[in-house]
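Visitor: So you can see what is in the structure, the chains are spelled out below.
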Amino acid sequence: MNTSGIQLELTAEDEAKLGGEHGPGVAMAMRLVVALARISQAPRLIDIESAHIDGCLYHGQAGLDFVEKLVGLGARVAVPTTLNVASLDLLHPGVVRLSPAESRAAQRLMDAYVAIGARATWTCAPYQLAGRPTAGTDIAWAESNAIVFANSALGARTARYGDFVDICAAVTGRAPFAGLHVIENRVPTIELDCSSIPDRVLDSPAAWAALGFAVGRRVGEEVAILTGITPSLVDEDRLKALGATAASSGGVALFHVAGATPEAIIAANSWPPPGTRCVEITAETLRAARDELSTAAVGDRLDAVSLGTPHFSLTEFAELAASLHDGEAFAPSCTVWISTSREMLGLARDNGYARTCEQAGARLIVDTCTYLVPVLSDTVRTAMTTSGKWAWYAPANMQIDVAFGTLAECITSARSGRVTRDDSAWS
Amino acid sequence: MLCAGDGAGEILWLDEPLSFWGGTNLHSAIITDIHHPQHGISLAGRVMVMDASRGSSSSSSVLAEQIRAGVAPSAILLASRDAIVTLGALAAAEVYGIRLPILLLDANAMAGLPRTGAVVVSSGPDGSSVSWS
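Protein sequence lines correspond, in order, to chains A and B. Counted from 1, the first sequence has number 1397 at position 350 by the numbering used here; the numbering is strictly sequential. Counted from 1, the second sequence has number 93 at position 91 by the numbering used here; the numbering is strictly sequential.
Worth flagging that the hints you see were computed from the coordinates, not collected in a lab. Don't take every hint at face value.
Said to hold, decoys possible - Here are the simulated distance ranges between beta carbons: (1) B:Gly126 - A:Ile1313: 42 to 52 Å; (2) A:Glu1056 - B:Glu12: 36 to 46 Å; (3) B:Ile100 - A:Ala1059: 27 to 37 Å; (4) B:Asn27 - A:Leu1057: 33 to 43 Å.
As the list claims (entries may be wrong) - Here's a subset of chain A near chain B, in silico, CB distances under 7 Å, partners left out: (5) Ile1086; (6) His1106; (7) Ala1109; (8) Gly1110; (9) Leu1394.
Claimed, not checked - Just so you have them, the derived chain B footprint on chain A, three or more residues with Cβ under 8 Å: (10) 1067-1080; (11) 1091-1105; (12) 1360-1368.
Since we're looking at a predicted model, the values are computed, not measured. Backbone N, C-alpha and C fix where the C-beta goes; we use that ideal spot for every residue, glycine too.
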C-alpha cells in the first residue's frame, strides 16, 4: 500500500511480527499498526510502554468479533494495558438498564479484553491509578480525556488512538512515530492569556471545565499554552476538567499551562515561542462557556445530578464529603450520581468519604458512566453537573436538559430540588 | 489508496463532515445528526464523497458494524488521510473479509467527479480507479 512518498522503515523484529513469526494474532495486529503508520506518514514505528483501550464499550457485533478474533488467534498484550469504561457496572448489577441480550454482549466484550491480558480497570481516568506513565515516555492511549491528560499533565507522549488500533498497539508493543510522539509537534502554536481572570474564579474544577470549553472552541486541534494563571491554583482535578472539556468542544490532545505543567516548566521563558499569536480569555469568556453548556434555566425543577465525568478522584470525594458533613440530605426528587472507578471507590470507602456521600443520598456507580448507558431514571428531564464533557454530550445522548455549574451549586440545587446559580462564584 | 476493494453505487456528496458515531444509525446508516444538512439520507450502498469525518474515534467501530451488517457505503472517496474511517474499514476486512474501498483523492480528482449518477470504484495494490458513464 503506497499512500505517500514517505517510506516506512520497519525493523527486522517488526517484519517478523508482520510475517507471522510471533503468531497470527500478532500479525493481524501488526497489519493495522502498519496501516495506521502509512496513513499518518510515519517514517518508523516506536516502542510503547503502556496502552489504554477504549474498545471495551459495546458499539455492536463488529467490535466484539474483532477482539474475539485476536484472542482466538492467540494474541496477548505485550505492555501493561488498562481498560476504559465499559457498558456495565459489574459491582452494582442492575444499575445499568440494558436488555438481557445487550448485557450479555457487553459482558462478552469485557471478558474478551480481560482474556487478552488487559487489567480490569474499567475507568476513563487511568491516570488516577498507580503505575501511571512518567514524563517523556511513549504510550498508546485511547479515550480523548485520557489522551489529553497523559500528554498535558503527565508529559507522557501519545497520539490520538481509537478503536481497533488501541488494542493492536498493545498486542504489538509498537506505534507509528507520528503526531504527538514527535517532540516538534508538542510546541505551543497559540497563547491563551488568562491573566485577567481573578484567582477566586479559577478556584473550582467547574471553572476549569468552562475554561476547557473556551480552549477547545478557540484552538480546535492546535497545541495551546495558557499563560497568566497562578501555578498554585493548578491541580490534577482541574487539569482533568479542562482537558476533558477541551477534547469535547475541540479536538485538543495537548495543552500547556505556563509554570505548571511538566513541559511548560522545562521550557520556562522560551514558551510561548516568539511570534506565537495570542488570544485573551476573560471571566466573561468563562461565564459565556458556562451558559453555552447549560440548556436548563435557573429555577427549573432538578431531577438528577451527575458527578464524576471523567471518573471522580479521591480528592474530589474528599472535597464532596467535607461539603456534605453538615448532614443536610438531597431532595428525594433529585438523585445524585457519582461515577468513579472501582479502585477509587475502594479508597473512598476506606476513608469514609463514600459513606458520607451515601448518607446524604448519593448513589455510586463504577466501571461505566451515566451518559453512555441507561442509568438515570427515564423520568429525568433536567440534570445538573460539574462536568463540561457530560454537559456537552448528555442533551443529545439522553434527550434531557442540562445545567452546568460548580460543585457548590450542584449541592445547593440537589438539596432544594431546583437549579440554583451563585453568580459570585463566576465573577 | 487507503483501503483496497471494489464497490459501485450512486454517488453521494456530503455537504459537511460527518461523525459515524452519534451521527448515523448503527443498523441502517441513515444520517441521524440533526445538525447535518443531509439528515435523514441513508449512506447504504452509496459511493460517499467527503473531505474527512469528524468527532469520536468510536466512529471506527460504527463503520465496521455497518460493513458487517451490509448497510455501509459501497465506497468512500476522501480528500484527507482520515484514520478513523480507514481503520473501521480495515478492521472489517480483517474479521469478515469484506473490503470497502477507500481512496484518497487530490483536489483535481475530486473536482472531476460527477455530482450525480452511478460510479464504480476499484482499488488494489496495482492501482486505483473511479469510473462512470
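Visitor: Give a verdict on every hint.
Guide: The hints, checked one at a time:
For the pair Gly126 (chain B) and Ile1313 (chain A), the supplied restraint of 42 to 52 Å holds, since their beta-carbon distance comes to about 48 Å. For the pair Glu1056 (chain A) and Glu12 (chain B), the supplied restraint of 36 to 46 Å holds, since their beta-carbon distance comes to about 42 Å. Here the CB-CB span from Ile100 (chain B) to Ala1059 (chain A) is close to 33 Å, well matched to the stated 27 to 37 Å. Between Asn27 (chain B) and Leu1057 (chain A), the C-beta spacing of about 39 Å keeps the proposed range 33 to 43 Å intact.
The beta carbon of Ile1086 (chain A) is positioned within 7 Å of a beta carbon in chain B (closest approach about 5 Å), and the interface hint is therefore held. Hint status for His1106 (chain A) relative to chain B: holds, with the closest Cβ pair at about 4 Å, below 7 Å. The criterion of a C-beta within 7 Å of any C-beta in chain B is met by Ala1109 (chain A), whose closest approach is roughly 4 Å, and the hint holds. Restraint check, Gly1110 (chain A) versus chain B: the minimum CB separation of about 5 Å is within 7 Å; hint holds.
Hint on Leu1394 (chain A) is violated. Least Cβ distance to chain B is approximately 30 Å, over the 7 Å limit. For the region 1067-1080 of chain A, the proposed coverage by chain B is satisfied: 3 residues have a C-beta within less than 8 Å of a C-beta in that chain, meeting the threshold of three. For the region 1091-1105 of chain A, the stated coverage by chain B is satisfied: 3 residues place a CB nearer than 8 Å to a CB of that chain, which reaches the threshold of 3. A stretch counts as covered by a chain when three or more of its residues have a beta carbon under 8 Å from one of that chain; for the region 1360-1368 of chain A and chain B the count is 0, and the coverage is violated.
The structure is inconsistent with the numbered hints 9 and 12, although it conforms to all the rest.
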